[in-house]
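*Asks:* Chain by chain, the residues run as shown.
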Amino acid sequence: MESQTPQATPKKFIVPIGPQHPALKEPGHFEIQVDGEIVTSATARLGYVHRGIEKGVEGQNWTASMYLLERICGICSHVHATAYAIGAEKLAGVTAPPRAQAIRVLVAELERVHSHLLWLGVAAHEGGFDTLFMYSWRDRETVMDILEALTGNRVNYSANLIGGVKFDVDDKQADQIRRGIDFLEERTKHYLEVVTTDETFLRRTRGVGTMTREQAEELGAVGPVARASGVPRDVRVDAPYAAYEQFPVKLVTDTGGDLEARFVVRMKELFECYRVIREILDKLPPGDLTVKVKPRLPAGEAISRVEAPRGELFYFLKSAGGTNPDRIKVRTPSLCNWASVLVLAPGHKLADIPMMLAGIDPCFSCNDRLVTIARRAGAETWTWARLRQYGIEYYR
Amino acid sequence: MTPTLPPIVALLLVPGGLFLLVGSLFYEWADRKLVAQFQNRIGPRWFQPEADMFKLLAKEEIVPDGVNRALFHGLPVVALVGALTAALYVPMLGLVPSYSFRGDLIVTLYLLSLMTLCMGLAGANTIDRFSLLGATRALTQMFSYEAPFLLALLGPAIVAGTWQIGEINAYASKHAWLLLTQPIGFVVAIVGLMGKLELPPFDAPEAETEIVGGAMTEYSGRGWALFRLGRDVELMVGLTLASAFYLGGLANPLAFVLKTFGLLVVTAGLQSLFARLRIDQVVGLWWRIGMMLALAQLLVIAVLSRVA
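Sequence lines, in order, name chains A and B.
When the count follows this note's numbering, it moves up by one through the first sequence with no breaks and lands on 661 for the last residue.
When the count follows this note's numbering, it moves up by one through the second sequence with no breaks and lands on 309 for the last residue.
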């Protein structure tokens, strides 16, 4: 009891954020050490939603693995499947037809629209601006409806196959997408104006969590977070995959490095998304949707990189020539961005921390695919019988 | 003028007691519904606050370790009592205040502050870190808005030449709306009221994304219900005070409903317009801008009334 009172340790007042906390929609644990309202240090502990997906796919065949991998992240499920499909196609030595590649990009960009709008709402909520939260999520329904009409699902779209995509886009759907995109473009213009001109909101974002370009490069930031600090890093531009060669995107960067810049970069990226989506709909290449792939992929290793809404998503695939993957390693963008929050947090106000956490658009379950058990000095090993006895005593 | 009601009716039914409890829950609903509409949501049904209240009152109250039990149980009661007592000195429902004496304006204002004070103490009473931070913020915020809010309500008092709420109300009914002659005071009073009630954007003391429930984190069941009820009553009293002083007084129940409701629409709009202010920004806003404006206005009023 004594050790729990903050008076007993006056120097260390730690605010625990998580694993259950209203600011977090997924479990993670952050220990924010504060002096009054000023943060002096921050540490993160992840791993609450480790689901063993990487191990799980080793027991599935190549086709079934995609369904499992798609469920790593509910927000950016399509890019996971795309990265996997591209990697598996490399192993099989085939390329998907151009029309399939274009549809992959189409769904990926629609997904980016939904993800960025979702993020806008979450970040606004963390800053206590619930009106923006409600409005942006209302408008996000437009793109959710489009994705549902296109793929049949609102969340895990399941658009990919190894060697192509599952569905075509007809003229009626194209018209629906165009109408939706026109509406969203208008709304996005409005939101860009709000996040750059609203006085109370700017007070919470301008100059908060500023990361210089050097820091961003040193901390290995990826995606919009890096681009907001002026690092020109985007897999779609640096190493175009799928149909990004035919439908190039413009790199959006900002020099601010603070939260405001991250808002601006994401909003401006939305305009790029709308432009690319329109271009794809106008110039959708004709042809087949799939190529045939044998169930056994030849032995070998492949690496595939794609740009998820949060940054670079990295897949390593290894085949031993069987029907199942031998090993698949996934590195998600959220994991690369944690360091930027924890390093930049000291010196900020406690009130800024939820917004800084939200600023990297964290996806907790994306992170959790490895458990490291750090044994403290003086730790002892308990036998099963003793652990059981302890449990009985504890609950007596 | 309406005849004075017998004290037992005034205390227990109208305008005190039961009317306050039911009416304040209705105001809470109106506030929630309006904010929801402004935010493009549907909002709660009309009986939602009542349902919340019954549910909370029936729930088990968990007393956390390490608190002073008497304070833990006593503070919500004191907070509610403070707000209910304050209501007796204001022209609730447009009636003549049930009780009145010289200088009751000051007493009412301090009774209203009792709420924040109780919340601060309740937060500091527990060993929960969120509560402690919330209590610090609640008290910090109180020290920043209290002075400008007081000054904003003193403006009408000086013009009316009395510190008795009932007489200020009567003065306001007979003259042009003070909103027109003292616009700064009106704005400071409204924003001060929002700070007092910890409504957004002044909800840093209970910012859920930072410190969960703030000072109220450890409260559940009865204690939390009483605090909420107290805050609802305070919302009602605050709206009554502001509309009596600045919106041309409250002479009858119809004027009361129309004016307080109109004011509620304004505060609900303000609630949905802004992002939450950090606690340091709140203090800066009040002492740099709110206080200066209120002081300037008071100075002008004092000089003008001396000249006149």
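None of these hints come from the bench; they were simulated from the model.
Glycine residues also receive a C-beta, built at the ideal position from the N, C-alpha and C atoms.
Where hints are given, some of them may not hold.
With a Cα cut of at most 27 Å, we get these calculated DSS-like pairs of lysine-lysine [unchecked claim]:
id: 1; chain 1: B; residue 1: 34; chain 2: A; residue 2: 290
id: 2; chain 1: A; residue 1: 355; chain 2: A; residue 2: 533
id: 3; chain 1: A; residue 1: 290; chain 2: A; residue 2: 548
id: 4; chain 1: A; residue 1: 290; chain 2: A; residue 2: 515
id: 5; chain 1: A; residue 1: 290; chain 2: B; residue 2: 175
id: 6; chain 1: A; residue 1: 533; chain 2: A; residue 2: 548
To be clear about the criterion: a stretch of chain A counts as covered by chain B if any three or more of its residues have a C-beta under 8 Å from a C-beta of chain B, and this derived list gives those stretches [to be verified]:
id: 7; segment: 331-344
id: 8; segment: 425-433
id: 9; segment: 549-556
A partial selection of chain B residues facing chain A, derived with a Cβ cut-off under 10 Å [what the hints assert, rightly or not]:
id: 10; residue: 130
id: 11; residue: 249
id: 12; residue: 255
*Asks:* Of all the hints given earlier, name the ones this structure violates by number, lowest first.
*Replies:* Those not satisfied are hints 2, 3, 4, 5, 7, 8, 9, 11 and 12.
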